[in-house]
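Novice: If you read the protein sequences in the order shown, they are chains A and L. Under the numbering used here, the final residue of the first sequence carries the number 316; numbering is consecutive throughout. Under the numbering used here, the final residue of the second sequence carries the number 316; numbering is consecutive throughout.
Some hints here could point you the wrong way.
In this list, chains with the same sequence are indistinguishable; a pair is considered to hold if it fits within one copy or across any two.
[Unchecked claim] No farther apart than 27 angstroms at their CA atoms in a straight line, the calculated lysine-lysine pairs in the DSS-like style are these: (1) Lys145 <-> Lys183; (2) Lys254 <-> Lys133; (3) Lys145 <-> Lys133; (4) Lys261 <-> Lys156; (5) Lys183 <-> Lys232.
Rather than coming from a laboratory, the hints here were simulated on the basis of the structure.
Protein chains: 2
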Amino acid sequence: MGELRKDYILDKYVIIATERAKRPDEFKVEKKIEKNGMCHFCPGNEDQTPKEIERFPEESSNWQIRVFPNKYAAVKPEGKFEIRTDNSFYTFSDAFGYHEVIVETPNHDEVLADLSEERISNVLKMFKKRIAVNMNCQNIKYVSLFKNQGEKAGTSIQHTHCQLIAYNDVPEIILEKEKAVKKYPYCPYCAILNTEKNSFRRCFENNSFVAFTPYASRFPFEIWVLPKRHLLNITDFKEEEFVFLAEILKKILLKLKFLNADYNFYLQYGIENVHFHIEITPRLATWAGFELSTGTIINTMTPETAAEFYRS
Amino acid sequence: MGELRKDYILDKYVIIATERAKRPDEFKVEKKIEKNGMCHFCPGNEDQTPKEIERFPEESSNWQIRVFPNKYAAVKPEGKFEIRTDNSFYTFSDAFGYHEVIVETPNHDEVLADLSEERISNVLKMFKKRIAVNMNCQNIKYVSLFKNQGEKAGTSIQHTHCQLIAYNDVPEIILEKEKAVKKYPYCPYCAILNTEKNSFRRCFENNSFVAFTPYASRFPFEIWVLPKRHLLNITDFKEEEFVFLAEILKKILLKLKFLNADYNFYLQYGIENVHFHIEITPRLATWAGFELSTGTIINTMTPETAAEFYRS
Numbered sequence: 005m006g007e008l009r010k011d012y013i014l015d016k017y018v019i020i021a022t023e024r025a026k027r028p029d030e031f032k033v034e035k036k037i038e039k040n041g042m043c044h045f046c047p048g049n050e051d052q053t054p055k056e057i058e059r060f061p062e063e064s065s066n067w068q069i070r071v072f073p074n075k076y077a078a079v080k081p082e083g084k085f086e087i088r089t090d091n092s093f094y095t096f097s098d099a100f101g102y103h104e105v106i107v108e109t110p111n112h113d114e115v116l117a118d119l120s121e122e123r124i125s126n127v128l129k130m131f132k133k134r135i136a137v138n139m140n141c142q143n144i145k146y147v148s149l150f151k152n153q154g155e156k157a158g159t160s161i162q163h164t165h166c167q168l169i170a171y172n173d174v175p176e177i178i179l180e181k182e183k184a185v186k187k188y189p190y191c192p193y194c195a196i197l198n199t200e201k202n203s204f205r206r207c208f209e210n211n212s213f214v215a216f217t218p219y220a221s222r223f224p225f226e227i228w229v230l231p232k233r234h235l236l237n238i239t240d241f242k243e244e245e246f247v248f249l250a251e252i253l254k255k256i257l258l259k260l261k262f263l264n265a266d267y268n269f270y271l272q273y274g275i276e277n278v279h280f281h282i283e284i285t286p287r288l289a290t291w292a293g294f295e296l297s298t299g300t301i302i303n304t305m306t307p308e309t310a311a312e313f314y315r316s
Numbered sequence: 005m006g007e008l009r010k011d012y013i014l015d016k017y018v019i020i021a022t023e024r025a026k027r028p029d030e031f032k033v034e035k036k037i038e039k040n041g042m043c044h045f046c047p048g049n050e051d052q053t054p055k056e057i058e059r060f061p062e063e064s065s066n067w068q069i070r071v072f073p074n075k076y077a078a079v080k081p082e083g084k085f086e087i088r089t090d091n092s093f094y095t096f097s098d099a100f101g102y103h104e105v106i107v108e109t110p111n112h113d114e115v116l117a118d119l120s121e122e123r124i125s126n127v128l129k130m131f132k133k134r135i136a137v138n139m140n141c142q143n144i145k146y147v148s149l150f151k152n153q154g155e156k157a158g159t160s161i162q163h164t165h166c167q168l169i170a171y172n173d174v175p176e177i178i179l180e181k182e183k184a185v186k187k188y189p190y191c192p193y194c195a196i197l198n199t200e201k202n203s204f205r206r207c208f209e210n211n212s213f214v215a216f217t218p219y220a221s222r223f224p225f226e227i228w229v230l231p232k233r234h235l236l237n238i239t240d241f242k243e244e245e246f247v248f249l250a251e252i253l254k255k256i257l258l259k260l261k262f263l264n265a266d267y268n269f270y271l272q273y274g275i276e277n278v279h280f281h282i283e284i285t286p287r288l289a290t291w292a293g294f295e296l297s298t299g300t301i302i303n304t305m306t307p308e309t310a311a312e313f314y315r316s
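Please take these sequences and the hints and turn them into a complete structure.
Specialist: The structure is reproduced here in structure tokens:
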């Protein structure tokens, strides 16, 4: 069983997921091995995944979206979820939680950018549903929903999918954001949104959302999407907001597809005050020793240039 | 000219280094182009680098170590170094500082692990010298010294080298560590060192240093090296401590060479209280959407297994 562990003195957590572990020798970098053609995420191979959680449309034999537990789960709903401390320096719990896979399309060769706005909007509604379900599970403190697209973004499985990890800790990044937000007498994200939509960093805008490249972008082509309404989570979206988000998301992802850029996207939502946002981070650069030693990131592209690219 | 920029509300800094910028189209991922055979870091090509800062042995035509400014510097000693704020959300300065390259050997095909302990110790002494010089430069708040070994660790140049970036900000990670250290009535790193050298995570030990895989390792095979004396910086090392550090570093790097593992290493040193340490982070895994959305890292290997590998 894996463990959740905290750094000795910092509020940095690590999940030690032994069930995904390789033996040391297996890390030895060798020439790439051609992958077996069989895809476990394709229709017809449903029996190769852990037991299905749900599908869309429900009970249809021609599913468009399919959700099941991750076979190589980083967290599992078993063991001791309480985070505790032995001597002064070892703070830990079992790696407790739920780890789900959301397959966005039955078609092996499609990527999310290829789907119609309607289908993307259905995927977003599935996010809402799975987040809501997992947030209500016992001993779950936060639900992370993210997509890893391509090898440089950390995925090993080609068939397009998202992942959800619900676990027993409120993430450091969310706590930091909550803390920072409290310093303002108003929602700083609302203010940022209003500032950036009149700046050179504005990329896309519709009735409900604004997309812009953030002022201190950490990655080339990093882009954020925020709802104009002060919403904490996707679970608070109105019907039409899924459609408007799908529209903007498709525009962004098509631009990244043009670049052949691997990317991550992930939801950032509040537990108290943080305004919901999606961060999309193409992985065209590598964080290296300087980033790891300082926390300061070197980005080789201005967000203003990136915004021009998105608008072009 | 580049800029140093802070996230809207978090104390996270980014250096926007426009002189390293590519045009958007150039990020398009294409098949690898064979690299030109000419290496600017090799003897005979000294005129291809910016003006030499120093070499070891001094004034020798057969240098073993050579230091010069980075041709594609992320920071430069020009512009406005003061960090200031426009409206509530844009905090910035010019990307001010010094960016140096330290070539560790004249031999193109050697890596740091191949050098004798004596030569590694000379490289470490060069670190000390360059850190001391840069710390005394005006408007410099911190000097980061790091190595990127291999493509996955963020380097594009094969000839083995380290880098130094001196800049106008105390890094977030160092501030966090300083803050965390202050919570203890004693040095927590001294206590950690004494705990870990009796644990399953101990890897190597000699008169002056202990190397262990940290309890909450963020990377497979992550390993830290700490001096037994409570030292804040490499600038405080005694002569013999360079030799003892070289001995342990060589052992670690030879293990990583066996794995063909790309890696970063970087010095972490205190501005007030943080006990000096070196963190060595092999890059055999990719931080993906979950890490970026939460700050929580998934590591697929226990540090106890990694320590066994180092000891074997």
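Novice: With reference to the structure, classify each hint as holding or not holding.
Specialist: The hints, checked one at a time:
no.: 1; hint: Lys145 <-> Lys183; verdict: both (17 angstroms within a copy, 26 angstroms between copies)
no.: 2; hint: Lys254 <-> Lys133; verdict: within (21 angstroms within a copy, 52 angstroms between copies)
no.: 3; hint: Lys145 <-> Lys133; verdict: within (17 angstroms within a copy, 48 angstroms between copies)
no.: 4; hint: Lys261 <-> Lys156; verdict: both (14 angstroms within a copy, 22 angstroms between copies)
no.: 5; hint: Lys183 <-> Lys232; verdict: within (22 angstroms within a copy, 36 angstroms between copies)
The structure is consistent with each of the numbered hints, conforming to all of them.
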